[in-house]
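One-letter residues, chain by chain:
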Amino acid sequence: MSQSLLLALYDKTDQAAQAIAGLSDIGVRDADVTVMSSVPYEPQMLGRRAVDGRLTAITLLGAVAGLFLGLFLTVGIYELYPLMQGGQPLIPVAPSLIILFEVTMLGTMGSAFLAFLVLNRFPIFGRPAYDLRITEGKIGVLADVESGQVFQAEEVLRQAGAVDDDVQTLESDRRPDRVSWLYFAGAVASVVVVVAVISLLFFYDVIRIPFPTQMAAQNSTAYVQGPRRAAPEAAVPVQGPALIAGQPASEPVPASESSLQRGRILFGIDCALCHGQEGSGDGPLAKYFEPHPPDLTAEDVQELPDDVLFLVLTQGRGIMPSLAENLSPVERWDVINHVHSLARNGSGG
Amino acid sequence: MSVHRGDGLADGNPADGNPADQAPSEVTDQARQARARYLLLDERPMPDLVAQLLGPMQRAGPLYWLLFAVLGCMVLVAGGVWIYQMWWGIGITGLNRPVMWAVYIANFVYFIGIGVAGTFISAVLRVLRFQWRAPITRAAETLTVFALATSGLFPLIHLGRTWKFYWMLPYPNQRRLWPSYHSALLWDLTAILTYLTSSVLFAWLVMIPDLATVRDRIARGWRHRLMNVLALGWRGTEGEWSHLKTATTIFSLAIIPVMILMHSIVGWDFAMTIQAGWQSTVFGPYFVSGALLSGAAAVIIVLAVARKTLHLEYFLRAEHFDGMGRFLLVLSLAWAYFYFNDVLVPWYGQLPVDKTILQLFTSGRAAPLWSLMVFSNLVLPAATLWSRRVRTSIPAMVVISIFVNIGMYLERYLIVAVTLGRNELPFDWGAYVPHLPEILITVGAFSLIGFLFLVFVKLFPIIPIWEVREGQMKQGLRRIGRDLVPTRVDPD
Numbered sequence: 001m002s003q004s005l006l007l008a009l010y011d012k013t014d015q016a017a018q019a020i021a022g023l024s025d026i027g028v029r030d031a032d033v034t035v036m037s038s039v040p041y042e043p044q045m046l047g048r049r050a051v052d053g054r055l056t057a058i059t060l061l062g063a064v065a066g067l068f069l070g071l072f073l074t075v076g077i078y079e080l081y082p083l084m085q086g087g088q089p090l091i092p093v094a095p096s097l098i099i100l101f102e103v104t105m106l107g108t109m110g111s112a113f114l115a116f117l118v119l120n121r122f123p124i125f126g127r128p129a130y131d132l133r134i135t136e137g138k139i140g141v142l143a144d145v146e147s148g149q150v151f152q153a154e155e156v157l158r159q160a161g162a163v164d165d166d167v168q169t170l171e172s173d174r175r176p177d178r179v180s181w182l183y184f185a186g187a188v189a190s191v192v193v194v195v196a197v198i199s200l201l202f203f204y205d206v207i208r209i210p211f212p213t214q215m216a217a218q219n220s221t222a223y224v225q226g227p228r229r230a231a232p233e234a235a236v237p238v239q240g241p242a243l244i245a246g247q248p249a250s251e252p253v254p255a256s257e258s259s260l261q262r263g264r265i266l267f268g269i270d271c272a273l274c275h276g277q278e279g280s281g282d283g284p285l286a287k288y289f290e291p292h293p294p295d296l297t298a299e300d301v302q303e304l305p306d307d308v309l310f311l312v313l314t315q316g317r318g319i320m321p322s323l324a325e326n327l328s329p330v331e332r333w334d335v336i337n338h339v340h341s342l343a344r345n346g347s348g349g
Numbered sequence: 350m351s352v353h354r355g356d357g358l359a360d361g362n363p364a365d366g367n368p369a370d371q372a373p374s375e376v377t378d379q380a381r382q383a384r385a386r387y388l389l390l391d392e393r394p395m396p397d398l399v400a401q402l403l404g405p406m407q408r409a410g411p412l413y414w415l416l417f418a419v420l421g422c423m424v425l426v427a428g429g430v431w432i433y434q435m436w437w438g439i440g441i442t443g444l445n446r447p448v449m450w451a452v453y454i455a456n457f458v459y460f461i462g463i464g465v466a467g468t469f470i471s472a473v474l475r476v477l478r479f480q481w482r483a484p485i486t487r488a489a490e491t492l493t494v495f496a497l498a499t500s501g502l503f504p505l506i507h508l509g510r511t512w513k514f515y516w517m518l519p520y521p522n523q524r525r526l527w528p529s530y531h532s533a534l535l536w537d538l539t540a541i542l543t544y545l546t547s548s549v550l551f552a553w554l555v556m557i558p559d560l561a562t563v564r565d566r567i568a569r570g571w572r573h574r575l576m577n578v579l580a581l582g583w584r585g586t587e588g589e590w591s592h593l594k595t596a597t598t599i600f601s602l603a604i605i606p607v608m609i610l611m612h613s614i615v616g617w618d619f620a621m622t623i624q625a626g627w628q629s630t631v632f633g634p635y636f637v638s639g640a641l642l643s644g645a646a647a648v649i650i651v652l653a654v655a656r657k658t659l660h661l662e663y664f665l666r667a668e669h670f671d672g673m674g675r676f677l678l679v680l681s682l683a684w685a686y687f688y689f690n691d692v693l694v695p696w697y698g699q700l701p702v703d704k705t706i707l708q709l710f711t712s713g714r715a716a717p718l719w720s721l722m723v724f725s726n727l728v729l730p731a732a733t734l735w736s737r738r739v740r741t742s743i744p745a746m747v748v749i750s751i752f753v754n755i756g757m758y759l760e761r762y763l764i765v766a767v768t769l770g771r772n773e774l775p776f777d778w779g780a781y782v783p784h785l786p787e788i789l790i791t792v793g794a795f796s797l798i799g800f801l802f803l804v805f806v807k808l809f810p811i812i813p814i815w816e817v818r819e820g821q822m823k824q825g826l827r828r829i830g831r832d833l834v835p836t837r838v839d840p841d
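Going down the list, the sequences are from chains C and G. Mapping of the first sequence onto the numbering used here: residues 1 to 349, in sequence order. Mapping of the second sequence onto the numbering used here: residues 350 to 841, in sequence order.
Straight-line C-alpha distance at most 25 Å; calculated SDA-like pairs for lysine to any residue:
#1 G/Lys594 with G/Gln480
#2 G/Lys594 with C/Pro40
#3 C/Lys12 with G/Pro835
#4 G/Lys594 with C/Leu132
#5 G/Lys657 with G/Val739
#6 C/Lys12 with G/Gln480
#7 G/Lys594 with C/Arg48
#8 G/Lys823 with G/Leu661
#9 G/Lys704 with G/Tyr686
#10 G/Lys594 with C/Gly47
#11 G/Lys594 with G/Pro810
#12 C/Lys12 with G/Arg827
#13 G/Lys704 with G/Thr630
#14 G/Lys823 with C/Glu42
#15 C/Lys287 with C/Gln302
#16 G/Lys807 with G/Leu575
#17 G/Lys594 with G/Phe809
#18 C/Lys12 with G/Pro394
#19 G/Lys823 with C/Tyr41
#20 G/Lys594 with C/Asp131
#21 C/Lys12 with G/Asp397
#22 G/Lys594 with C/Tyr41
#23 G/Lys594 with G/Val549
#24 G/Lys823 with G/Gly588
#25 G/Lys594 with C/Gly110
#26 C/Lys12 with G/Arg837
#27 G/Lys807 with G/Asp397
#28 G/Lys513 with C/Val195
#29 G/Lys704 with G/Trp719
Read the hints as simulated data drawn from the structure, not as lab findings.
Just chain C, same shape as in the assembly:
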């Protein structure tokens, strides 16, 4: 590459603008000229073209990415891992809007900063052409010219009134080291991706940690209460074994003949009025409710984990009331067994 780097400093904007115009006259391309200053001059002041608006475009992309991340946090997570709360919708609209807004803005500003770094190729490696006097208020004009043009360009730069009548010819390695920058950016990006993937593996049950909490057994001594005594062996809560996923008291009742029989009777009493005798959502009262009671034999209901169904029975959901006072925990498991048998009978027959 037979290019040479020429750097001249100027005291005044007029001189710098004259030098830039002169370089353009002798055929130096606009892209090969760089202006450096300690004050943000508008491009027009120096007769330069405005820098393109890629930063805004990247920021818009970042905003969209933030929006999708927000949707994942507010909708995706709860669709993947439903967290029922008595009488409340699974995905609350107003609070979700707050989270969506915040994460979108984080995406906007984070990507604006990232775009600023990437478009400028920051951090700059190597020893790019520079002069400390630029921070003192001088304007630096840097030209990357063909070797045939060097004398002509030097003359132009000097005539425009270069400080000390001096045009520095710099060695060709005085350009930003883009290769190191690529390595650096690649290394940072890989670290980010690896950390993100590993933490997601932990968070989303791919790598399982049993998070032992033993809350019930903790010997809590808050200052307003005495030590809580540990429950005796084999004790169960007065209302029967409650549901805590994976903990001993939460044992579902096996779908035995007697359990299914009990379930059928209880279903007829507590559920059939709305959900229908066959569970297909067409009970005598169904037409009075908007939304209609769901078809319990449908796949999306049947695929819910049993403990979620148990929570729906216990706490209610949407306009469905809680059945905790109508059904003891054992009876709730009977009904769940019966609901599953409805689907089997349905698809079988």
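Mind docking chain G on chain C? Use the hints.
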């Protein structure tokens, strides 16, 4: 129109008559007066500006180290108390039924409020192109970052079992116990993390050209190496300046709604409950206006202290305190308006519990605190700040700002700790008295912000040099009739 730089004299409109009508000495006199008054007209060579900033940065007298030691010790004491509290439990504080939220939460709200104003001042003044903002944005942005980081500690301190804080992060797992966005506390976490991240990035982004200046002026040593890394290789090319300008505009526009929403959420933390005195639809804007009030006052205090101790008389002039004073007056009236909204409606309703709380504030045991709050937040600023003489007097502004901050702290305290003592069930009423741990931790929090500032001003330029220089480039004097008037060119 042509506006010259430096000499302060510009060609006026030809129709306005000939400047030669006036005696030359009168003209230069007017120009000299304008230069003395306005920083942006008083252009000086770049090395002079940098030397004025770098001098105090590189020297540290005995007073500095004394303050450093004292504040550092107070922070250490507060840290020790926090560990002690984690060891023994939250029972060592004055918290008890029914007042389960008190000083820690009041501190949380107060410091977030301080943090809100910094960005507001910096971003809003940037968007609206207020010229006098140039030298004060950095101090405001820095205050935001430090106050926000400090306030973020308080939910952790208040948690008692601080090590459980990760339960707030949305990570589903097989325990089937994870945070739900139904909870206002989770909005808090999201909003604060967003705001803190963007404030740090914003402050850094705008500081990069100045970091490069310091890097170039200090040729060697650890300072040079630190600045070399943080300046990212900034050279001031057109591309860099252009991208910086676009990014700054995006940040300024985006961070304003984030700030407003974040402090509204802090208000909603209270308003979402069924506690009398908290359940109010006006809490969002009411909290935001209070936050801006206390924060603007805190910025004034920081500016005055920095001006005195770092000898920034050239950069920070009466005009800046004048501008901040107008701002403070508007914010004080806005706060009073929202507070009146919050008082009037319950007063009209005359529900027994609302009446009780109102009586407690206006004529009951909390009356001294309440009266001091109203005096500091409304009466004092509204009675004095209309006067230009008060606004341009720096000691007066500092006194008013200190009062405003006392008033705003009291407001937070009254809302959190005193209101909670009265609820719908009179058998459950109570009063809260802060115990030593809370007091020490609160003192430690104020010391932490001071300490961080002490460290910051010795490492980084507290005045944005390039913004001052940009303002000076674009500002000039224009003759209209017999007067010289400052004018600004803003080519876009």
